[in-house]
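Colleague: Sequence:
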Amino acid sequence: MENKVEILSREVIKPSSPTPNDMRILNLSLLDILSSPTYTGALLFYSADPHNLLGSSSEETSLKLKKSLSKTLPIFYPLAGRITGSFIQCNDEGAVFIEAKVDHLLSEFLKCPVPESLEPLIPVEALSREAVTWPVLLIQANFFSCGGLVITICVSHKITDATSLALFIRGWAESTRGFGITMIPSFTASKFFPPPPDELPLKQMDHKGVVEEMKCVTKRFVFDALKIKKLRDKASSNLVKNPTRVEAVTALFWRCATKASRLSSSTTRTSVLLIPVSIRGKVDSLPENTIGNILSIMILKNQEGMLDGIQDVVNELRKTKEIFSLNCKEMSSSRVLESLEEIGKAYGRGNEMDLWMSNSWCKLGMYEADFGWGKPVWVTGRGTSSFKNFMLLIDAKDGNGIEAWITLMDKHMSLFECDEELLESASLNPPLLI
1 MENKVEILSR EVIKPSSPTP NDMRILNLSL LDILSSPTYT GALLFYSADP
51 HNLLGSSSEE TSLKLKKSLS KTLPIFYPLA GRITGSFIQC NDEGAVFIEA
101 KVDHLLSEFL KCPVPESLEP LIPVEALSRE AVTWPVLLIQ ANFFSCGGLV
151 ITICVSHKIT DATSLALFIR GWAESTRGFG ITMIPSFTAS KFFPPPPDEL
201 PLKQMDHKGV VEEMKCVTKR FVFDALKIKK LRDKASSNLV KNPTRVEAVT
251 ALFWRCATKA SRLSSSTTRT SVLLIPVSIR GKVDSLPENT IGNILSIMIL
301 KNQEGMLDGI QDVVNELRKT KEIFSLNCKE MSSSRVLESL EEIGKAYGRG
351 NEMDLWMSNS WCKLGMYEAD FGWGKPVWVT GRGTSSFKNF MLLIDAKDGN
401 GIEAWITLMD KHMSLFECDE ELLESASLNP PLLI
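Here full-length UniProt numbering is used: position 33 in the sequence shown is 33, and no number is missing along the way.
It is worth saying that the hints were derived from the structure and are not from the lab.
Treat the hints with caution; some may be incorrect.
[Unchecked claim] Below, a list of computed lysine-lysine pairs in the BS3-like style, where the Cα atoms sit at most 27 Å apart:
| hint | residue 1 | residue 2 |
| --- | --- | --- |
| 1 | Lys363 | Lys111 |
| 2 | Lys219 | Lys71 |
| 3 | Lys111 | Lys229 |
| 4 | Lys215 | Lys259 |
| 5 | Lys375 | Lys64 |
| 6 | Lys14 | Lys71 |
| 7 | Lys14 | Lys67 |
| 8 | Lys363 | Lys230 |
| 9 | Lys345 | Lys259 |
| 10 | Lys230 | Lys319 |
| 11 | Lys4 | Lys375 |
| 12 | Lys111 | Lys4 |
Generate the whole structure from the sequences, applying the supplied hints.
Modeller: Written as structure tokens, this is what we have:
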């Protein structure tokens, strides 16, 4: 695949109007400062539509995207700036736009969408040092020989979470179609979560889960709508009569990953699940359209296998979620640091316990991103993860199924992917049909 992607151009797109002088400095929130120095990314796949996309050349489509991006950047002005320590210089430096040609049929490409095949479509590595300086935003428009198009959007995690990324995609798509942006972003996160005056305790995390240090593999598992329904029925109980899709799949992942770890170890270790959760709508007065890492971490523990069946796991998940939501109402910077300390202690005991993380992009509306040639046939993240023991959940196109990209150590994945309980509900990397 690498040899079939040719970079045609790389251009810096400036905002169509300058940022006012009183908005030239944006302080990062405590949550932004604590976030991973990485790029997060989404890939939007569009099939060739003879009534729209094929009616324009790739040059015309690219020009349309660049013009609309320029018009969108004044609304999302920090994305055109430069990160400098704990703030962003909103200096209109611009975003990077790359145009690439792919000598491949999109339908053939989607028959086996593995992480390695996605990499050439992505403009920057996740762990690039540029994520903490410039550019904040990079976009790569990949034009397939059949007329299909893949738009990859990468943005620094120091200023955006997945909800922020989805909000930008929505606004840019609306601008490209010639409409006004319906949800104007708010850049006020630092008012709600200001950094403390003292030095932050960053050494506690120490990024012990980074994939480069381990032999890890990432694989895609798909839970279709019918199997999701059966899984939810299986996971229901008197305590949780109607578990959500995400609750059921998350519980199954944690259960099967924990089994795989215990089968490959001679001792029973405590299993800890970390779940990043958006706190928009949970913290009093915090706007839903706030841009930034508006996240806190929900922590579940399974000590000595006390949580046995999937119903037990779902019950614990729901109970923890309810307590978490109540605590969020009084979320503050001091509470964030307390949570960081707890997570840091867990990472510090990495030799005594298994740490897993499950992140959900479900219900973010990325499949609604219509730039003028219809909605995407597939939406995914960058495939690979910067951390081991990680699961990313994304909606299937029908909105009812779920795709899970799971990164585990080799020895755990070999057991995990053969787990009969998992395979009752999931298919390993089935082809995408368009």
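Colleague: Work down the list of hints and note, for each, if the structure agrees.
Modeller: Here is how each hint holds up against the structure:
A threshold of 27 Å between alpha carbons decides the hint, and for Lys363 with Lys111 the separation of about 25 Å falls inside it, so the pair holds. About 38 Å separates the Cα atoms of Lys219 and Lys71, which puts this hinted pair outside 27 Å; it is violated. Distance check on the hinted pair: Lys111 and Lys229 sit about 25 Å apart at the alpha-carbon level, within 27 Å; holds. Distance check on the hinted pair: Lys215 and Lys259 sit about 19 Å apart at the alpha-carbon level, within 27 Å; holds.
In summary, the hint linking Lys375 to Lys64 is supported, as the alpha carbons are separated by about 17 Å, within the 27 Å threshold. Between Lys14 and Lys71 the CA atoms are separated by roughly 9 Å; this keeps the pair inside 27 Å, and the hint holds. Restraint check for Lys14 and Lys67: the C-alpha separation of about 10 Å stays at or below 27 Å, so the hint holds. Note on Lys363 and Lys230: the hinted pairing holds, with a Cα-Cα distance of about 20 Å set against a maximum of 27 Å.
In summary, the hint linking Lys345 to Lys259 is supported, as the alpha carbons are separated by about 23 Å, within the 27 Å threshold. At roughly 22 Å between alpha-carbon atoms, Lys230 and Lys319 fall within 27 Å of each other, so this suggested pair holds. Among the hinted pairs, Lys4 with Lys375 is consistent with the structure: their alpha-carbon atoms are about 25 Å apart, no more than 27 Å. At most 27 Å may separate the alpha-carbon atoms for a hinted pair to count; Lys111 and Lys4 meet this at roughly 16 Å.
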